[in-house]
Amino acid sequence: MSKNEMTITKDDIIEWLKATAAVLEENAQYLTELDSPIGDADHGINMDRGFKKIMSKLPGVEDKDIGTILKAAGMALVTSVGGAGGPLYGTLYMDAGRAVAGKMELSADELVTLLDAGLKGVVRIGKANLGDKTMVDALTPAVEALRKALADGKDLVEALHSMTDAAHKGMKDTIPMLAKKGRASYLGERSIGHQDPGATSSYLILKTLMEVIESRHASQ
Amino acid sequence: MKKLINKPEDVVKEELEGIALAYPDLVKVHFNPNFIYRADAPVKGKVAIISGGGSGHEPMHGGYVGPGMLDAACPGEVFTSPTPDQMLEAAKTVNSGEGVLFIVKNYTGDVMNFEMAADLAREEGIRVLNILIDDDVAVKDSLYTAGRRGVGTTVLAEKIVGAAAERGYDLKRLADLCRKVNINGRSMGMALTSCTVPMKGEPTFELGPDEMEIGIGIHGEPGRERMKIKTADEITELLALSIIEDPPYRRTVREWDEDKGEWVEVELEDPPFKPGDRVLAFVNSMGGTPDIELPIVYRKLHEICEKKGLKIVRNLIGRYITSLEMQGCSITLLRMDDEMIDLWDAPVKTAGLRWGM
Chain F
0 MSKNEMTITK
10 DDIIEWLKAT
20 AAVLEENAQY
30 LTELDSPIGD
40 ADHGINMDRG
50 FKKIMSKLPG
60 VEDKDIGTIL
70 KAAGMALVTS
80 VGGAGGPLYG
90 TLYMDAGRAV
100 AGKMELSADE
110 LVTLLDAGLK
120 GVVRIGKANL
130 GDKTMVDALT
140 PAVEALRKAL
150 ADGKDLVEAL
160 HSMTDAAHKG
170 MKDTIPMLAK
180 KGRASYLGER
190 SIGHQDPGAT
200 SSYLILKTLM
210 EVIESRHASQ
Chain R
0 MKKLINKPED
10 VVKEELEGIA
20 LAYPDLVKVH
30 FNPNFIYRAD
40 APVKGKVAII
50 SGGGSGHEPM
60 HGGYVGPGML
70 DAACPGEVFT
80 SPTPDQMLEA
90 AKTVNSGEGV
100 LFIVKNYTGD
110 VMNFEMAADL
120 AREEGIRVLN
130 ILIDDDVAVK
140 DSLYTAGRRG
150 VGTTVLAEKI
160 VGAAAERGYD
170 LKRLADLCRK
180 VNINGRSMGM
190 ALTSCTVPMK
200 GEPTFELGPD
210 EMEIGIGIHG
220 EPGRERMKIK
230 TADEITELLA
240 LSIIEDPPYR
250 RTVREWDEDK
260 GEWVEVELED
270 PPFKPGDRVL
280 AFVNSMGGTP
290 DIELPIVYRK
300 LHEICEKKGL
310 KIVRNLIGRY
320 ITSLEMQGCS
330 ITLLRMDDEM
340 IDLWDAPVKT
350 AGLRWGM
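In the order they appear, the protein sequences are chains F and R. With numbering that gives the first Met the number 0 applied, the first sequence corresponds to residues 0 to 219, in that order. With numbering that gives the first Met the number 0 applied, the second sequence corresponds to residues 0 to 356, in that order.
Derived by calculation from the structure, the hints in this document are not laboratory data. Certain hints may be false.
Residues from chain F that keep clear of chain R, each with C-beta distances beyond 10 Å, as calculated [said to hold, decoys possible]:
no., residue
1, 4
2, 41
3, 44
4, 45
5, 48
6, 57
7, 59
8, 78
9, 213
Straight-line alpha carbon distances no greater than 25 Å define the calculated SDA-like cross-link-like pairs of lysine to any residue that follow [as the list claims (entries may be wrong)]:
no., chain 1, residue 1, chain 2, residue 2
10, R, 259, F, 124
11, R, 1, F, 10
12, R, 273, R, 259
13, F, 51, R, 29
14, R, 139, F, 161
15, F, 52, R, 139
16, R, 273, R, 336
17, R, 229, R, 259
18, F, 51, R, 7
19, F, 56, R, 310
20, R, 6, F, 124
21, F, 179, R, 264
22, R, 179, R, 7
23, R, 306, R, 292
Don't be surprised by glycine CBs; every beta carbon is placed ideally from N, CA and C.
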């Protein structure tokens with residue numbers, strides 16, 4: 000399939016949410032461990048709880064459009080995650096959903112629109128800048144890399160690999176950063192040397208998206 | 000992990016079930032979404048006061064629901080802020096039509112969830128104002144951090160503002176009073192041990208047998224500085240002087256402007272303590288420190304306040320805002336005026352604080 004023909008279907012989005020739930024369950028302990036030295040040791044537990052709530056809400060919206068599904072996922076996160084992660088990830092999915100309201104499938108460019116809207120929502124309510132040691136440090140370069148890879152003519156799967164690589168680098172780049180937002184900011188210098196848990200969960204979510212699209216692509 | 004629990008994931012639910020059975024004359028408990036509310040709510044003609052936050056700080060906040068204090072409390076998971084649907088349902092349940100004041104501790108998650116809740120409640124026609132408590136002097140800087148955390152002053156604000164609501168203050172006046180309590184209160188805490196979140200099963204941080212952590216928050220998060228353990232007098236002096244000598248603290252907070260109908264940035268400044276100030280001295284156990292040690296801290300605090308010319312006009316000593324089983328303490332000094340003293344003395348009847356009725 001050529002680069003312009005591959006789309007993201009509603010089923011891909013559902014599969015992405017389901018696979019993310021599995022990945023976050025697997026990584027719950029890991030994320031919570033990352034959150035212990037610089038946070039309050041609950042990020043993995045909270046994200047796992049949130050995506051289990053999404054799983055319980057999915058059957059009610061599975062036959063709806065992508066926007067509705069993502070908005071429902073966001074609402075499930077807002078009402079179950081708590082902490083800062085609830086409003087931040089909830090807003091990410093809700094704003095992403097609003098950006099693609101009514102659509103049953105997305106072009107690659109519309110996927111960029113979706114992710115970009117989610118990122119903008121996170122920045123709006125979290126007010127974090129690049130370099131503050133937050134999820135924004137993984138999301139921003141990832142969305143940028145996806146946009147650029149598509150503009151450079153890469154196909155969707157390749158572009159999603161570029162996105163995932165950028166998210167991974169962004170996540171790793173948080174290690175030497177001094178936290179300026181959230182609970183880690185109270186540690187000052189002591190936040191240096193730790194990988195940000197929020198950037199890590201953001202990376203895992205984007206990596207899962209790449210894997211879902213890649214595996215469908217491979218099976219076609 | 001050794002805890003008196005059944006399953007880690009059932010801790011908050013079973014705690015709430017126990018509270019509902021233990022204090023039926025004072026409170027009712029709503030499940031899914033979870034909140035504790037006054038048995039006689041909504042109280043006609045009275046503004047409702049709602050607070051909330053992560054669980055694990057008991058008796059705060061659920062233990063402060065009742066006449067003279069809170070109308071509802073929204074508990075999150077342990078050390079995790081509650082979600083907007085909890086505050087929304089609580090607001091709908093306790094609002095008498097006079098509006099609702101949210102008292103919010105300044106933690107990123109709490110602030111975001113309470114702001115979302117306030118927006119949702121306003122969409123349903125309920126008047127809501129949010130006031131932040133940010134009194135932890137261990138956080139020096141507001142520019143490069145999320146700002147000072149809300150700690151001990153929260154308990155005092157809930158008592159004083161709750162009493163004022165009982166007397167019929169309107170929403171705007173209660174918000175002003177709550178802001179006044181906040182800018183006049185300063186706190187600092189320390190830990191001798193870490194604490195274990197039930198769902199995690201391991202201590203949040205490790206402290207050596209001869210170490211202590213100064214400037215901790217209330218979520219088992221590490222503090223500013225780790226040092227060799229000192230005597231109670233030395234620790235008390237360290238905390239008390241950090242509070243008393245704290246310079247003016249300036250920051251920008253978000254509040255809802257009812258006239259403009261939007262969130263606005265508000266500049267606040269805490270005036271430093273000065274000789275002649277009347278204060279409430281609050282010595283609090285982080286949960287694991289026994290009552291026998293708190294008067295030892297108070298004794299030294301009293302001496303330091305006298306030396307600095309601060310007159311202790313009221314005190315509170317005990318376990319009021321905790322961090323699970325953590326050993327350690329926090330000190331809060333609240334500058335009082337006649338209005339605040341009078342409201343502090345007003346009757347209160349809750350599971351966690353009770354006098355005069």
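Item to complete: Any hints from earlier that this structure breaks? Give me their numbers in increasing order, please.
Response: Hints 2, 3, 4, 5, 8, 11, 12, 14, 15, 17, 19, 20 and 22 contradicted; others consistent.
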